[in-house]
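Visitor: One letter stands for each residue in the lines below.
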Amino acid sequence: MGTLVDINNVRKVYKRDAFEVPVLNGVTLAVPQGDFLALMGPSGSGKTTLLNLMAGIDRPTGGSIFVDGKEISRFSETQLASWRSRHVGFIFQMYNLIPVLNAFENVELPLLLTKLSKKERREHVQAALDIVGLGDRAFHYPRQLSGGQEQRVAIARAIVTDPTLLVADEPTGDLDAKNAEETLDLLQKLNADFAKTIVMVTHDPKAAQRAKHTLHLEKGLLVEGAYGMETAAHA
Amino acid sequence: MKFAKLIRRNLFRNKLRTILTMMLLAVIFFFVATLLAILDNFENFSNAGEGANRLVVQSAISLANLLPYAHEQKIRAIPGVVDTAKLQWIGAYYKEKSNFFANFAVDVDKFPTVFDDYKVSPQDLAAFQADRRGALVGVDLMKRFNWKVGDRITLKRQIFPFDPELTIRGTYVHPVQTTSVFFPMEYFQQSIGNQGQVGTFWVKVADPKQMAAISQQIDAMFKNSDFPTETFTEKEFQQNFMSMMGNVKLLFTAVSTCAIFMVVLLAAITMSMSARERVTEIAVLKAIGFEQRLVLAIMLSEFVLLTVIGGAIGSYGAHFLFIAVDAGKMTQGFLQNLGVHAKTLTICMATAVGIGLVAGGFPAVRASNLRVVDGLRRVV
Ligand SMILES: Nc1ncnc2c1ncn2[C@@H]1O[C@H](COP(=O)(O)OP(=O)(O)O)[C@@H](O)[C@H]1O
Ligand SMILES: [Mg+2]
Chain A
1 MGTLVDINNV RKVYKRDAFE VPVLNGVTLA VPQGDFLALM GPSGSGKTTL
51 LNLMAGIDRP TGGSIFVDGK EISRFSETQL ASWRSRHVGF IFQMYNLIPV
101 LNAFENVELP LLLTKLSKKE RREHVQAALD IVGLGDRAFH YPRQLSGGQE
151 QRVAIARAIV TDPTLLVADE PTGDLDAKNA EETLDLLQKL NADFAKTIVM
201 VTHDPKAAQR AKHTLHLEKG LLVEGAYGME TAAHA
Chain B
1 MKFAKLIRRN LFRNKLRTIL TMMLLAVIFF FVATLLAILD NFENFSNAGE
51 GANRLVVQSA ISLANLLPYA HEQKIRAIPG VVDTAKLQWI GAYYKEKSNF
101 FANFAVDVDK FPTVFDDYKV SPQDLAAFQA DRRGALVGVD LMKRFNWKVG
151 DRITLKRQIF PFDPELTIRG TYVHPVQTTS VFFPMEYFQQ SIGNQGQVGT
201 FWVKVADPKQ MAAISQQIDA MFKNSDFPTE TFTEKEFQQN FMSMMGNVKL
251 LFTAVSTCAI FMVVLLAAIT MSMSARERVT EIAVLKAIGF EQRLVLAIML
301 SEFVLLTVIG GAIGSYGAHF LFIAVDAGKM TQGFLQNLGV HAKTLTICMA
351 TAVGIGLVAG GFPAVRASNL RVVDGLRRVV
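Sequence order for the protein chains is A and B.
Using the numbering used here, you'd call the opening residue of the first sequence number 1 and step up by one each time.
Using the numbering used here, you'd call the opening residue of the second sequence number 1 and step up by one each time.
Quick caveat, the hints were computed from the structure, so don't treat them as lab data.
Simulated pairs of lysine to any residue, SDA-like, Cα-Cα distance not exceeding 25 Å: (1) B/K5 / A/L116; (2) A/K15 / B/V373; (3) B/K97 / B/N65; (4) A/K118 / B/R293; (5) B/K74 / B/Q217; (6) B/K2 / A/G135; (7) B/K5 / A/E120; (8) A/K115 / B/L294; (9) B/K15 / A/A138; (10) B/K204 / B/A130; (11) B/K5 / A/E123; (12) B/K74 / B/A60; (13) A/K118 / B/M1.
All chains should be modelled from the sequences, with the hints used to inform the complete structure.
Guide: Structure, rendered in structure tokens:
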């Protein structure tokens, strides 16, 4: 299996007023196609930052990031936006559905950026909702759904464009145990049955167990890895 | 448009706030449209004499001082003068003092040549000229008092010691002056004892380019007489007559500008608030792949829609109100034919779009420039 995400010696420094905050200090990592990777680590270790970088919503201070052979770390803002719309699906801790749109319309949002016809869009949305088991809730608004259902709508929205990479930042962080289990079942299914590559940030070991591999971040460095020596050489 | 639904839903996301903002805009636009309509009305009135090629000769001392008939022959002899007519503003009223309209004694035989912009049918004109106490009445005034040709009306004295008792012999149509009454100069003169004096001479000039020269010539001619004159074009005369006009215009413009400015600020506050509340959602849209320009267009469309709907309710509200009610009646004839016309509506709607762009511009640009990661962390 080939490498989907290839991260080389990536550094990220945030500038806060006068001083600089180093967050990632040289991370090297390769995520194979079809993997389900869990990123763990203490709060503030840079998990979200790393995830955002490979999803193309943030840019590294140094190093390079390739996804599916394209060096996204060199893309302009506009190029990144259009690339994300085709290749990345996002799942957030707080679901982040648009409250004024119903489930169907929320899932349809990414498709509005494509050239698909209205009919084609409807078919895609219905298929995505069926996969997450909410085919019958299409016309419910987010406030009429439970947290678990909202997260499943969000997952449908993330997969509706059939993206290359799914990124999930603490997808179970706001859910009770039962709904967390169901969400993880769904992610596993997407990985196993639909061959989706998934990178999931979590601090819940139970969630991480569902992944194929787990990596730990500490102070901006990978400390142990299931792929061998991905840890950066310098601190 | 694929995004219309999102725009519409966002607009009415906070219904109370949106409706209050729209109402505020509607009220202000109603007010501004009405002020503009009144200005329009004044403008029309003061433009009334334009193109009529008429000069008005009055006493240089004041409008209350009269001029001797003898002046008229001398004026008529000036080359370039087509004809002249004596005209006296009477200032009488019908029944109630609040029934305000203009009434004049005029040389009836000269009326069709000097006042050729007042359209009268030949029959009406003949009947008017034949009756010593005949009256020629503007069509709108006929409507206002439900008068019919043949009605006998008595006006009450105010300035001159007589009450004109008249029979309506005809009506006239005029683009602006639609509510005046004309009656014969001789009737007036006999009633006040034939003093051989009159308030104004109206002078029809052949060539508009000569108006200024003839005007100077008239005043020069009487400069050293016992009755010096001051001659205006009809337009100047009307403007003098409404001497407060300039001030009113300035005042109205200032008040309208303040109102619009206030609305811009209030709309900007509302729009900033709603943009701010949506920081996370905007970040999500951008993460999904919505480009900065698309987010900007979506937000600006929403803000412009808000101001355009509010502005349309207000200005079209005024438009239809002044069609439905007779502002002339309500203002005792002060504002005849008040109306919010197409030009005013266009100005109002363009202003509404402008308000949306100006007030919403900053919040929309800010929101669309939001960095995805900052929006997701809500650090902004
Ligand atoms: N936009 C930012 N500006 C400044 N500091 C930031 C910003 N984003 C993240 N950080 C800092 O970077 C560090 C890592 O953040 P993050 O990647 O969210 O960690 P984790 O997801 O592992 O909790 C934290 O100390 C955080 O305060
Ligand atoms: Mg995090």
